[in-house]
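Protein chains: 2
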Amino acid sequence: MDSNRPLILISNDDGVEAPGLYHLIDCVKDYGDIIAVAPAAPHSGMSSAITVNAPLRIKAISEEEGVKVYSVSGTPVDCVKLGLHALVPRRPDIMLSGVNHGSNSGNSVIYSGTMGAALEACMAGIPAIGYSLLHHSLAADFSETTPYIRRITQAVMAGGLEKGVCLNVNFPSRCAIEGMKVVKAAKGFWTEEYQEYTDPHGKPFYWLTGRFHNLEPDNPDTDEYWLNRHYASVVPVRADQTAADCLPALTALLG
Amino acid sequence: MDSNRPLILISNDDGVEAPGLYHLIDCVKDYGDIIAVAPAAPHSGMSSAITVNAPLRIKAISEEEGVKVYSVSGTPVDCVKLGLHALVPRRPDIMLSGVNHGSNSGNSVIYSGTMGAALEACMAGIPAIGYSLLHHSLAADFSETTPYIRRITQAVMAGGLEKGVCLNVNFPSRCAIEGMKVVKAAKGFWTEEYQEYTDPHGKPFYWLTGRFHNLEPDNPDTDEYWLNRHYASVVPVRADQTAADCLPALTALLG
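Top line first, the protein sequences correspond to chains E and C.
For the first sequence, position 132 matches number 113 in the numbering used here, and the numbering has no gaps at all.
For the second sequence, position 82 matches number 63 in the numbering used here, and the numbering has no gaps at all.
Chain E extracted, bound-state conformation (with noise of 0.2 Å):
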């Protein structure tokens, strides 16, 4: 690897045979050399999991021209960490996470594993963005998505990320993309949440579903609203969840 072009750390949550990795790999090869880090297995749902209680792997998956592949036996974030203590050469300039097979908008930025990976490099102090399009497929075509990663990929590595804040941007899918908005994530809980059964021996068990209630579908100011217009949404996510506005109130509350 050419230690003066700029590094460019990738992970996911889908895992490293997942073809939204290869695609975000695609896009931005020709901005830098390419470490790429991915969860050996499928780990959608894992949010900011670390692996605690047992060893990690590392596996070498590939090796071309300016782009290396690995594989990691845990999680998006143990593979952002693990990448960062034992594969990356150099500091990288920037990390991306996905592109996703799946939507991260609304509030589903709290369970996301691409959002944990982006957020990871964010506390480490390198600027991170999370790509996903909204098409869980494994065939989803991510064509559309290509100038809109180049373009807010080179935008962030011109002119950075203020601290501690990484960026969400979710792509719709099976349309052409009218363009991009800069919004917040909008408000909202998940109904209907799981499907209940009975297994052959007449015990139940239970299997995670449910849909997005959005509670401000009509607010021009959220990613649920753009997304269902055939935008791009960047929602700009930062990692400390203290809420500092409330401080005041809860003083007086236990005081």
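Hints are all accurate, no fakes.
Identical chains share a label here; the pair holds if one copy fits it or two copies do between them.
With a straight-line cut-off of 25 Å between C-alpha atoms, the simulated DSS-like cross-links for lysine-lysine are:
hint: 1; residue 1: K165; residue 2: K144
hint: 2; residue 1: K184; residue 2: K49
hint: 3; residue 1: K10; residue 2: K40
hint: 4; residue 1: K40; residue 2: K184
hint: 5; residue 1: K49; residue 2: K10
If you're looking for bench data, these hints aren't it; they were derived computationally from the structure.
Following the hints, complete the assembly by docking chain C onto the known chain E.
Structure of chain C alone, referenced to chain E:
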């Protein structure tokens, strides 16, 4: 269960056998009926992870006057989601998580299963508090925490919390607790994160370790500062991570 009493939903991330869970139940059982739903196995570091690709099972563990305990074969967030879906007889008045065996101060909140469970209840509109003790041992002495847990829980049951905000409470260990401070999470990062090993076949593996490097050790507005001085810390935590103050600069960058 008496439908006229408040209902308290309890979970944790150390699992249904952890002493901290039963300490928390003992602290608050005179405040209402209790439904405790905890992971069947320990799930430290699980953040807001959800089980997407596997079934979940519920097991009834114990039942006494006003206290029912269940396990769920998943993560802390699974426990809260499935508890709310299938186990509570009515909407809980408050949700408590812990008492965690170990710290969730500084930026540990983002990895914490204890706080993942609290944030999940918070997003469901239920006032929620995560409690943690800065001592990892299963034999940790929780007795000093009792008056603080009772006081904070009672204040929140009476006064509520701002919508979308929950509390992250940490207790110092092995000492008398001097008092309680409402503060921010200390900014910092983790260093020396992996111990490296070689297995009997000559192959390397890694195990997560590390210590928190506090970037603001002398800042009295932070949790670490007061925990080091034997005070309990209370940090308000917001579920929505949108960095709304960054929208103008980001719009300019990407425009």
